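Asks: Protein chains in written order, with my numbering: chain U, 27 to 256; chain E, 416 to 667; chain C, 309 to 375.
Derived from the structure by calculation, the hints contain no laboratory data. Here the structure is a predicted model, which is why all the values come from computation and not from measurement. For glycine and all other residues, C-beta sits at the position ideal for the given N, C-alpha and C. Check the hints yourself; a few may be wrong.
Simulated coverage check for chain E against chain C, where a stretch passes if three residues somewhere in it have a Cβ under 8 angstroms from a Cβ of chain C [to be verified]: (1) 460-471; (2) 477-484; (3) 520-527; (4) 531-542; (5) 641-648; (6) 651-662.
The list that follows gives simulated cross-link-like pairs (lysine to any residue, SDA-like), each with its CA atoms no further than 20 angstroms apart [said to hold, decoys possible]: (7) E:K654 - C:R349; (8) E:K654 - C:A359; (9) C:K348 - E:P430; (10) E:K659 - C:R352; (11) E:K632 - E:T445; (12) E:K506 - U:L254; (13) E:K654 - C:L350; (14) C:K348 - C:A338; (15) E:K659 - C:R346; (16) E:K506 - E:R571; (17) C:K348 - E:G653; (18) E:K654 - C:Q365; (19) E:K654 - C:K348; (20) C:K348 - E:T439; (21) E:K659 - C:R347; (22) E:K632 - C:A340; (23) E:K654 - C:A356; (24) E:K654 - E:R571; (25) E:K654 - C:R346; (26) E:K659 - C:L350; (27) E:K506 - E:P421; (28) E:K632 - C:D339; (29) E:K632 - E:W443; (30) C:K348 - C:A359; (31) C:K348 - E:D655.
Sample of chain C residues at the chain E side, in silico, Cβ under 10 angstroms [stated by the list, open to error]: (32) F332; (33) D339; (34) R344; (35) L351.
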Amino acid sequence: MSEHAASLSRACAAMLRRDLLLAWRRRGDIAMPVLYALIVTTLFPFALGPEDTLLLRIAGGVVLVTVLLAMLLALDAMFASDIEDGSLEQLVLSPQPLAPMLGMKILAHWITTALPLIVISPLMAAMLHLPAAVIPVLMLALLLATPLLSLLGAVLVALTAGTRRSGMLLALMLLPLCVPAVIFAAGAVAAAQQGLPWLAPISWLAAGLVLAVVLAPLACAAALRIALDA
Amino acid sequence: MANWIPLWLHKLSSPPTFYRFAGTLQPWATALALLTGAIALYGGLVLAPADYQQGDAYRIIFIHVPSAWMSMFIYGVMGLASFIALVWRIKLAEVVAMESAPIGAAFTFITLVTGSLWGRPMWGTWWTWDARLTSELVLLFLFLGVIGLYHAFEDRRQGARAAAFLALIGIINVPIVHFSVNWWNTLHQGSTVKVFGPSKMSGDMLWPLLLMMLATKLYYIASLFRRVRTDLLAMENGKDWVRKIAESEADR
Amino acid sequence: MSALHDFLAMGGYAAYVWPAYALFFVVLVADAIAPRARRKRLLRELRARLARQEARQEKHRAPPSSP
Chain U
27 MSEHAASLSR
37 ACAAMLRRDL
47 LLAWRRRGDI
57 AMPVLYALIV
67 TTLFPFALGP
77 EDTLLLRIAG
87 GVVLVTVLLA
97 MLLALDAMFA
107 SDIEDGSLEQ
117 LVLSPQPLAP
127 MLGMKILAHW
137 ITTALPLIVI
147 SPLMAAMLHL
157 PAAVIPVLML
167 ALLLATPLLS
177 LLGAVLVALT
187 AGTRRSGMLL
197 ALMLLPLCVP
207 AVIFAAGAVA
217 AAQQGLPWLA
227 PISWLAAGLV
237 LAVVLAPLAC
247 AAALRIALDA
Chain E
416 MANWIPLWLH
426 KLSSPPTFYR
436 FAGTLQPWAT
446 ALALLTGAIA
456 LYGGLVLAPA
466 DYQQGDAYRI
476 IFIHVPSAWM
486 SMFIYGVMGL
496 ASFIALVWRI
506 KLAEVVAMES
516 APIGAAFTFI
526 TLVTGSLWGR
536 PMWGTWWTWD
546 ARLTSELVLL
556 FLFLGVIGLY
566 HAFEDRRQGA
576 RAAAFLALIG
586 IINVPIVHFS
596 VNWWNTLHQG
606 STVKVFGPSK
616 MSGDMLWPLL
626 LMMLATKLYY
636 IASLFRRVRT
646 DLLAMENGKD
656 WVRKIAESEA
666 DR
Chain C
309 MSALHDFLAM
319 GGYAAYVWPA
329 YALFFVVLVA
339 DAIAPRARRK
349 RLLRELRARL
359 ARQEARQEKH
369 RAPPSSP
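Using the sequences provided together with the hints, build the complete structure.
Replies: Below is the structure:
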């Protein structure tokens with residue numbers, strides 16, 4: 027039994043290493059969501075006026091939505107290259123259990139797309155005059171919400187694998203799923219900004235994340251089988 | 416295939432049998448829907464008195480509430496059919512699930528717009544982000560997503576299974592959205608608008624409402640049967656029974 | 309006549325009530341008609357395809373005429 031577990035963890039490590047290596051080879055792509063997020067953030071003062079009091083009221087929400095949109099753009103690419111060269115089908119057919127393998131792919135995708143966004147989130151928040159004390163809460167909320175979005179998004183991307191995809195369809199499917207995560211993440215930031223306790227919404231996010239970590243890879247595997255095998 | 420499912424149900428799920436079955440029932444359902452609908456609307460628009468608080472504007476309730484109820488009901492039917500389609504791979508269940516989505520979207524759209532038209536004179540706003548309205552909007556997105564995903568596949572059956580999977584995910588999601596928006600509204604107390612109908616439903620107002628609910632349900636059955644029959648023709652394109660129908664209709 | 313006028317005015321809320329009802333009917337009529345058009349088209353295409361198949365079979369059965 028432990029041998030089985032050992033080989034599974036080796037397979038997971040190998041999968042993770044492979045995807046990170048592939049992403050590193052195209053590290054220019056890692057910069058895209060980051061640039062996009064920064065540009066969108068700078069648009070808001072232009073659109074709404076540079077007045078500090080207004081900006082700091084919307085800062086938390088704007089950063090959250092911007093990160094979400096940036097992730098949405100990058101989500102499509104999660105399985106795209108693997109579908110094109112057939113390695114995803116190979117993965118489905120391989121003796122390794124599919125769900126943990128997909129979990130590793132999702133993790134790799136999160137590391138390369140969401141983590142950079144979380145790293146620059148203090149910069150985005152500062153551009154919009156979010157009070158410094160709130161920034162740690164913002165980052166914590168993003169740290170919990172972004173993997174949740176990656177996991178949910180992965181299930182949807184798997185469903186559309188191999189179709190004549192349009193990004194709009196993915197956005198339409200993903201938006202309803204994002205709403206609770208956005209609400210709780212923004213709720214935590216808003217509470218922190220008003221000096222109120224913010225642990226409750228964070229706990230909800232964490233609970234949702236734990237549930238997603240367990241269920242989403244399984245759902246993703248089922249979705250992929252539907253989309254590829256027919 | 417589970418052997419406790421009665422034989423007639425199994426027979427019914429065969430496409431030509433269901434085609435005939437639905438074909439016989441559908442005109443009756445349509446006729447009854449129109450009849451009950453007409454009576455209900457006469458009762459609601461003409462017979463029922465104006466509301467004490469809302470005047471005649473409340474009469475929107477006779478289409479708004481049945482539509483809202485139908486949007487939820489169809490969402491449930493779609494979920495159940497999707498589940499059956501994914502677990503037992505029954506073609507008819509796939510078709511019922513997929514063809515329910517446009518009807519559900521229609522009723523959801525009607526609910527949102529009529530609600531908005533009712534809200535404007537009553538509470539002074541076209542829209543508010545409370546739990547019920549937001550969940551209804553998310554439900555519309557879900558129906559549209561199911562329709563979109565279904566049509567994105569070349570293979571209809573594969574598309575149906577993918578869209579059925581999405582429907583099930585959505586089923587779980589709508590209550591979650593309702594819950595989280597509720598929580599969020601209690602956080603931001605400011606803009607909560609109480610959403611309700613006339614203060615008390617007198618008998619004169621109640622019976623047209625209930626009758627309209629029946630009428631819309633009959634309409635759904637009629638529309639669903641129409642759509643499912645058409646879809647069965649498309650799906651069973653090469654089969655003999657479809658060919659016979661195509662030829663017999665050429666003479667008309 | 310005045311009764312009809314009152315009915316149409318809906319106590320001053322006509323601008324809200326009647327568009328709501330109109331939308332209700334328009335959407336449901338559209339929903340009822342859509343499958344009909346699709347069905348006609350489907351059967352028409354099927355008949356055309358069958359006719360083409362028959363024509364091809366005729367050609368195979370009849371001896372080819374020499375040019």
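Asks: If you test the structure against every hint from before, which numbers come out violated?
Replies: When the structure is compared with the hints, none of them turns out to be violated.
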